[in-house]
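Engineer: Those protein sequences? They're chains A and B, same order as listed. If you're matching positions, the first sequence starts at 3 in this note's numbering and goes up one per residue. If you're matching positions, the second sequence starts at 2 in this note's numbering and goes up one per residue.
Hints were generated in silico from the structure; no laboratory data involved. Among the hints, a few may not be true.
Okay, the calculated bits of chain A under chain B, using three or more residues with CB under 8 Å as the criterion [stated by the list, open to error]:
{"no.": "1", "segment": "18–30"}
{"no.": "2", "segment": "69–79"}
{"no.": "3", "segment": "94–105"}
{"no.": "4", "segment": "137–143"}
{"no.": "5", "segment": "154–165"}
Glycine is no exception: its CB is placed at the ideal position from the N, C-alpha and C atoms.
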Amino acid sequence: MSALNQKSLIKSLLFYLPILLLYASVLNEIDFNYLEIEYFSFNFVYILIFYWTLKNPRYLNYGAIFLAGIVNDVVVGLPMGISSFCYLLICAVTAYLRNITITPHFINDWISLLFTILLINSIQVLSLDFIFSIKVNYMSYLVNSGFTFIFYPIFLYLFNILEKRIKIQKK
Amino acid sequence: MATSRDDFIIAIRSAFLKKSYQQKFSLLTLIFLSIIIIILGNLNFKPIQYVKIGINEIVYRSSFIISIPENYLKNLGIKLDEHLSIYDQFKKNEAELKILKEKKLNNDFLILENKKLRDLINESIQSEDLYAKVLVDKDSPYLKSIILNKGSKDNVKIGMAIVDNSYLVGKVIEVNYTNSRALLLSDLNSKIPVLLEPLDIHAVASGTGKNYGVIEYTKDDYDQIIKDKEIIVYTSGYGGLFKPGLPVGKIIYDNTINDNIINFFSDFRQLDYVKIVSYDIGSGN
Numbered sequence: 003m004s005a006l007n008q009k010s011l012i013k014s015l016l017f018y019l020p021i022l023l024l025y026a027s028v029l030n031e032i033d034f035n036y037l038e039i040e041y042f043s044f045n046f047v048y049i050l051i052f053y054w055t056l057k058n059p060r061y062l063n064y065g066a067i068f069l070a071g072i073v074n075d076v077v078v079g080l081p082m083g084i085s086s087f088c089y090l091l092i093c094a095v096t097a098y099l100r101n102i103t104i105t106p107h108f109i110n111d112w113i114s115l116l117f118t119i120l121l122i123n124s125i126q127v128l129s130l131d132f133i134f135s136i137k138v139n140y141m142s143y144l145v146n147s148g149f150t151f152i153f154y155p156i157f158l159y160l161f162n163i164l165e166k167r168i169k170i171q172k173k
Numbered sequence: 002m003a004t005s006r007d008d009f010i011i012a013i014r015s016a017f018l019k020k021s022y023q024q025k026f027s028l029l030t031l032i033f034l035s036i037i038i039i040i041l042g043n044l045n046f047k048p049i050q051y052v053k054i055g056i057n058e059i060v061y062r063s064s065f066i067i068s069i070p071e072n073y074l075k076n077l078g079i080k081l082d083e084h085l086s087i088y089d090q091f092k093k094n095e096a097e098l099k100i101l102k103e104k105k106l107n108n109d110f111l112i113l114e115n116k117k118l119r120d121l122i123n124e125s126i127q128s129e130d131l132y133a134k135v136l137v138d139k140d141s142p143y144l145k146s147i148i149l150n151k152g153s154k155d156n157v158k159i160g161m162a163i164v165d166n167s168y169l170v171g172k173v174i175e176v177n178y179t180n181s182r183a184l185l186l187s188d189l190n191s192k193i194p195v196l197l198e199p200l201d202i203h204a205v206a207s208g209t210g211k212n213y214g215v216i217e218y219t220k221d222d223y224d225q226i227i228k229d230k231e232i233i234v235y236t237s238g239y240g241g242l243f244k245p246g247l248p249v250g251k252i253i254y255d256n257t258i259n260d261n262i263i264n265f266f267s268d269f270r271q272l273d274y275v276k277i278v279s280y281d282i283g284s285g286n
């Protein structure tokens, strides 16, 4: 009985792991800035949302992503709604990609990610600078976009392993 | 051509409107909701402000708990660094202490003299200090701010100065009921009126988004004047924003950017407890 309970607990934990990871990262705002590397930062949340909404949006529903964006805005101190809007734009791109793609290909996804993060970071920078008059460091955004793009294959590999685990548990 | 356009429209419509995979909301609904929140937030719409304060209260506390492992790692790194350089640091401190002891005697005399002069013109500066714990220290690449565990219930108000020991580190920009957010001096949006001493030049210290600040809007071209001089940056108290005389940093020449920068006295990465300072200049006139 307890073994059965434990199995179902692991199953639901694995199923909700992408959401847990999403909330842990927006609350924690993992940025590795304490490493004191001046031009190094990447956006883990973008990679997480892009991967899971592209692969299987059942693991990360849009409502949870919207709320995560609100939480991120509060933690980082951005005007409320900006991150939600950006995260949902990633979802829109991935939903579009899912609809037009018959056989997914890693390179296509990777290039789409670059296009997506450049688009949403541009929207974020422009709206912060011109609408809210909040000065932002353009170079930081560019570096962040670059590293997010570069790190995608590493997280793709890790998330693929995780997805396989979830599927095995489901069966 | 027409077929490919139709395909594109179908794909777009499906992406935005279809509530697939057990989604409770369509993407379009949520995107519109985000835009409405952004607009209402920008217009300072009251209900949105109240919701924001409520969310802030919950999120700041949760973030503090979630950040415990990261903060532990961060502090561990800093401690290790300090242990490795302990001998060099000791020698440096020893030399510095000798100089400071000499300077303190001069300083004590100046404080007394300053007090006497203020009494003569019936001016007094009364300040109230409030100690606060740094709940969240999100040194993100975009915004440099800290969240403190004191809010409107402790009489914290927007604009109050945040001080680490006696060094200025920032000012309060957002106040909730039990917590508040302070913008650090290193943030790109931070601009404070300062005084460059001993030259007596008024200027504005601006953040850069990095761990240093720069001097802006000086009346005189100070670059030539400060060569080979030790310039300390203090708050000038102009505009009634901060108490005058709070030490901010020291101007040093940075070889990497070939310019003068403000090296802040306080290390913004290691803020655990800070003082929230409010002050009042009383005048007999």
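Engineer: Can you take a look at whether the segment 69–79 of chain A is actually covered by chain B? Rule is 3+ residues, C-beta closer than 8 Å.
Structural biologist: holds (count 7)
Engineer: For the segment 154–165 of chain A, count the residues whose Cβ lies under 8 Å from any Cβ of chain B; is that count three or more?
Structural biologist: It is violated, with 0 qualifying residues against the three required.
Engineer: When I compare C-beta atoms, does the segment 18–30 of chain A have three or more residues closer than 8 Å to chain B?
Structural biologist: holds (count 3)
Engineer: In terms of beta carbon proximity below 8 Å, does the segment 94–105 of chain A have 3 or more residues touching chain B?
Structural biologist: holds (count 6)
Engineer: Are 3 or more residues of the segment 137–143 of chain A near chain B, judged by a Cβ distance of less than 8 Å?
Structural biologist: holds (count 5)
In the structure shown, a violation is registered for the earlier hint numbered 5 alone.
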